[in-house]
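Novice: If you want the building blocks of each chain, they are given just below.
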Amino acid sequence: MSISEEKGLGLDPTAEEVSAFIEEETLSDRVRLWLRQTPAAVPLVVLLCSLAIFGLLLGGKFFSPFALTLILQQVAIVGIVALAQSLVILTAGIDLSVGAIMVFSSVIMGQFTFRYGLPPEISLICGLAAGTLMGAINGVLVAIMRLPPFIVTLGTWQIFLASNFIYSANETIRGADIAERAPIFQFMGNKFKIYGAVFTYGVILMIVLAIILAYVLRHTAWGRHVYAVGDDPDAAELSGVRTKRVLISVYMLSGFTGATAGWVLVGRIGSVSPTSGQFANIEAITAVVIGGISLFGGRGSILGALCGALIVGVFSLGLRMIGTDPQWTYLLIGLLIIVAVALDQWIRKVAV
Amino acid sequence: MEPILYARNAVKRYGRVVALDHCDFDLYPGEVLGVIGDNGAGKSTLIKALSGAIQLDTGDIHFETKKMHFSNPLEARSAGIETVYQNLALSPALSISDNMFLGREIRRKGLMGKLFCKLDHAEMERQSKQMLADLGLLTIQNIGQTVETLSGGQRQGIAVARATAFGSRVIIMDEPTAALGVKESRRVLDLIKDVRERGISIVLISHNMPHVFEVADRIHIHRLGKRLCVIDPKEYEMSEAVAMMTGAMKPKDSGDVAE
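Protein sequences, first through last, are from chains A and B. Counted the way this note's numbering counts, the first sequence spans residues 1305 to 1656. Counted the way this note's numbering counts, the second sequence spans residues -11 to 247.
Please note that a few of the clues may not be correct.
[Stated by the list, open to error] The calculated lysine-lysine pairs, modelled on DSBU-like cross-linking and capped at a C-alpha distance of 35 angstroms, are:
hint, chain 1, residue 1, chain 2, residue 2
1, A, K1653, A, K1548
2, B, K36, B, K117
3, B, K117, A, K1548
4, B, K222, B, K36
5, A, K1653, B, K106
6, B, K54, A, K1653
7, B, K238, B, K97
8, B, K55, A, K1548
9, A, K1495, B, K106
10, A, K1548, B, K54
11, A, K1548, B, K97
12, B, K54, B, K222
13, B, K171, A, K1548
14, B, K222, A, K1548
15, B, K171, B, K222
16, B, K54, B, K171
17, A, K1548, B, K238
18, A, K1653, B, K97
19, B, K238, A, K1653
20, B, K171, B, K181
Honestly, the hints are just simulated from the structure, not real lab data.
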């Protein structure tokens, strides 16, 4: 609280601004301040650099509309889960269960139609509602019971995943059946072409969701409250933010977004499979961390999370095209995670 | 004159510990009331009860002639009692104007505000600047900068400006100068006087005797969970106040003294 206690600057009544920065500001302080205010800068630069490097190494093969949009298709699911994860991490929480919510929601969508004969549109809505409800359970446990988010979602991850296997009896609903009876489940996997660039509706959904969430976080009171809760929950409460309500709504929105990822998942693999998307939660956390969102809450942006997901996609496809052992991808991603967190620590150091 | 805020027979126990023992409290309109007391005397319990952060076991709090039951700080705040907490309750990563309006944001007029809940950042920044300027807190160059880039005194200024800005009648300040250097403390004390000029009553809790003696109109000495006495800082030495606070000296009888 009292950084410049000794300096006593800034209270000179003749000073022109409240923001009289301490004079001995070094270049590194300035960079740090800028990075703090533009959290998506580093991931964006890393993304552009990795695009440039793979472009130079691979040439037109990589820099084609087809390959670049293939990356988008491949990251759509993880990208959407990362959006859900970003919301939770901004409140200084973590949602390990969001991948399980995704799979369970997709299974609920499928089974409601194929087991109970509900119209697919109704089943879709039920699936999204189920995801929201699972998020609400997390939210209540975190906000009202005051349990640590890591433990809560570690538990619900197992619970949702097990329920998913029990409920589905480990059965896959075949793609051909879905195409015949409930094509809407596969809608997000449908493709359309613009000059060689191939998009799926899942990619469009990811982009639309990202724009909506970025708007909500920046331009609504709720969005500001999400940051305030992540920054300092006690201060937010004393300032008049209803922190419990904010937390529960964040987990609910995360669950809902996870469920939409479940819809995209069915589109991508064509079938409803209770064993799919096993690592989506970890991949999403990876994307969020590489995207520069602080695990300590209150800092970061949706654009950053999206960049993080794309960086992972660029590395995976680029290295595969080069023809290296796929383990190199994991090795490099692991390095990126550590660098990203180290950078976050440096940015967060209060020394302005 | 009637007190604007008073408490009678306030009792608060934490298990076996009696934090407030039939304590009385009076704050008059337009005054700065210093509250001093040894550590553990129950000052902060008293203040928390007045600001709605805790609830009394027995006893009453009256504000502007009405009996009040605050179940949380928000209720006290909407009634007109603002508290500037020692940790200031600011969000460091948010901007000055975001902090000023946290929990009472202004939306855009028209469709964007109603339908899309879009905030009016420009208007909030304009009003924040005005609030700071009204308190003589200098003209702000960049109201959009984050609070973590400000010095301790500047943060205190933001917290006080926020407390005064929304039509409050009473401001409770908990150790406002504890974390500040000499110059910045000076500025905050001037700020307290400015706020009093605007007719707002202030409760100032502090361990810093020179600061309390400088700005307070009356001083409430708290000891062993109750009000020992209320003194006029012009009639007493600081050493006498400290002696009463620690029990080394008995308070003299005067009209102001409780019990």
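Novice: Hints the structure violates: just list their numbers, smallest first.
Specialist: 6, 7, 13, 14, 16, 17, 18 and 19
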